[in-house]
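Hey, can you work out the whole structure from these sequences and the hints?
Residue numbers (this note's numbering), protein chains in the order written: chain A, 1 to 113; chain B, 114 to 230.
The set of hints was computed from the structure by calculation and includes no laboratory data. There's no promise every hint is true.
Across the chosen pairs, the derived CB separations fall in these ranges [as the list claims (entries may be wrong)]:
no. : chain 1 : residue 1 : chain 2 : residue 2 : range
1   : A       : Gly16     : B       : Ala115    : 31 to 39 Å
2   : B       : Lys182    : A       : Gln81     : 31 to 39 Å
3   : B       : Glu192    : A       : Thr69     : 41 to 49 Å
4   : B       : Met140    : A       : Pro8      : 33 to 41 Å
5   : A       : Asn3      : B       : Ser195    : 42 to 50 Å
6   : A       : Gln14     : B       : Lys182    : 51 to 59 Å
7   : B       : Arg122    : A       : Asn67     : 37 to 45 Å
Which residues of chain B face chain A? A few of them, derived with a C-beta cut under 8 Å, are [as the list claims (entries may be wrong)]:
no. : residue
8   : Ala115
9   : Gly153
10  : Leu154
11  : Tyr161
12  : Tyr177
13  : Asn186
14  : Ser200
15  : Leu201
16  : Phe203
17  : Gln219
18  : Gly222
19  : Pro223
20  : Gly224
All residues carry an ideal CB built from backbone N, CA and C; glycine is no exception.
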Amino acid sequence: GENVEQHPSTLSVQEGDSAVIKCTYSDSASNYFPWYKQELGKRPQLIIDIRSNVGEKKDQRIAVTLNKTAKHFSLHITETQPEDSAVYFCAASVDTGFQKLVFGTGTRLLVSP
Amino acid sequence: EAQVTQNPRYLITVTGKKLTVTCSQNMNHEYMSWYRQDPGLGLRQIYYSMNVEVTDKGDVPEGYKVSRKEKRNFPLILESPSPNQTSLYFCASCMSPTTGGPIYTQYFGPGTRLTVL
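Okay, structure coming up:
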């Protein structure tokens, strides 16, 4: 089955810096890659996703890139702000008519003022 | 308001005492799922359901049961809880691809923190 590895496990940056979180997946059939943000004590919420027919997707300060050949995808956050501090999870899924997501182990991002 | 609800939010119980965590969604979603979240392990799927009376095992189903008798409800049952089931549990739902819309957005419930002594 699918296996998703996520790095780093923790990431500390200064406000205004960029942050990059990387994930690799094992199943070449995976074609949907969402990213979830989980603030302390809250539920995970989708922040951005990408499908395998797209190499990059942006939404304001957040972008995701996908390299299908290398089987890895990354989350990029520019101009980080303290409210970006959270745990970020990547996930991978094969589109088989339902969504069986396999999550990475999470990255705790700390943005210091 | 569109939402997924879970009850209870917090539960402390003892080994072997059967318990049920309820999950309900008001978005008419076909697909529902249960995850457990443990430090360093991320979110792992326990069971999922594609529709009423259709359920299947996820990655860590041992020790759990589910049922889907109604579209909106998907309870998680621990027949004989053990300490290794101490965890944070999330229910989630999403639309079926056949009904259109943001088909891949999973909406999570607020979580249930379970402690088994």
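Hint by hint, here is what the structure shows:
Between Gly16/A and Ala115/B, the C-beta spacing of about 35 Å keeps the proposed range 31 to 39 Å intact. A hinted range of 31 to 39 Å is violated for the C-beta pair Lys182/B and Gln81/A, which are about 45 Å apart. A hinted range of 41 to 49 Å holds for the C-beta pair Glu192/B and Thr69/A, which are about 46 Å apart. Between Met140/B and Pro8/A the C-beta distance comes to about 35 Å, which sits within the given range of 33 to 41 Å.
In this structure the hint that Asn3/A and Ser195/B lie 42 to 50 Å apart at CB is violated, the actual value being about 26 Å. The beta-carbon spacing between Gln14/A and Lys182/B, approximately 52 Å, falls within the hinted interval of 51 to 59 Å. Against the hinted window of 37 to 45 Å, the Cβ-Cβ separation of Arg122/B and Asn67/A comes to about 40 Å, which satisfies the hint. Violation of the interface hint for Ala115/B is found here, the shortest Cβ-Cβ separation to chain A being roughly 13 Å, above the 8 Å cut-off.
Hint on Gly153/B holds. Least Cβ distance to chain A is approximately 6 Å, under the 8 Å limit. Using the Cβ-Cβ criterion of 8 Å, the hint placing Leu154/B at the interface with chain A is satisfied: the shortest such distance is roughly 6 Å. Look at Tyr161/B: its Cβ gets to within about 7 Å of chain A, closer than 8 Å, so that hint holds up. Annotation: interface hint on Tyr177/B violated; nearest CB of chain A at approximately 16 Å, more than 8 Å.
Restraint check, Asn186/B versus chain A: the minimum CB separation of about 18 Å is more than 8 Å; hint violated. Proximity of Ser200/B to chain A is violated relative to the hint, the smallest CB-CB distance being about 14 Å (cut-off 8 Å). Residue-level restraint check for Leu201/B is violated (minimum Cβ-Cβ distance to chain A is 10 Å; threshold 8 Å). A cut of 8 Å between beta carbons decides the hint on Phe203/B: the least distance to chain A is about 6 Å, and the hint holds.
Checking Gln219/B against chain A by beta carbon gives a least distance of about 7 Å; that is within 8 Å, so the hint holds. With a least beta-carbon distance of about 6 Å to chain A, the hint placing Gly222/B at the interface is held under the 8 Å criterion. Nearest Cβ of chain A to the Cβ of Pro223/B: about 6 Å, under the 8 Å cut. The hint holds. Among the interface hints, the one on Gly224/B holds; its C-beta lies about 6 Å from the nearest C-beta in chain A, closer than the 8 Å criterion.
When each numbered hint is compared with the structure, violations occur for hints 2, 5, 8, 12, 13, 14, 15.
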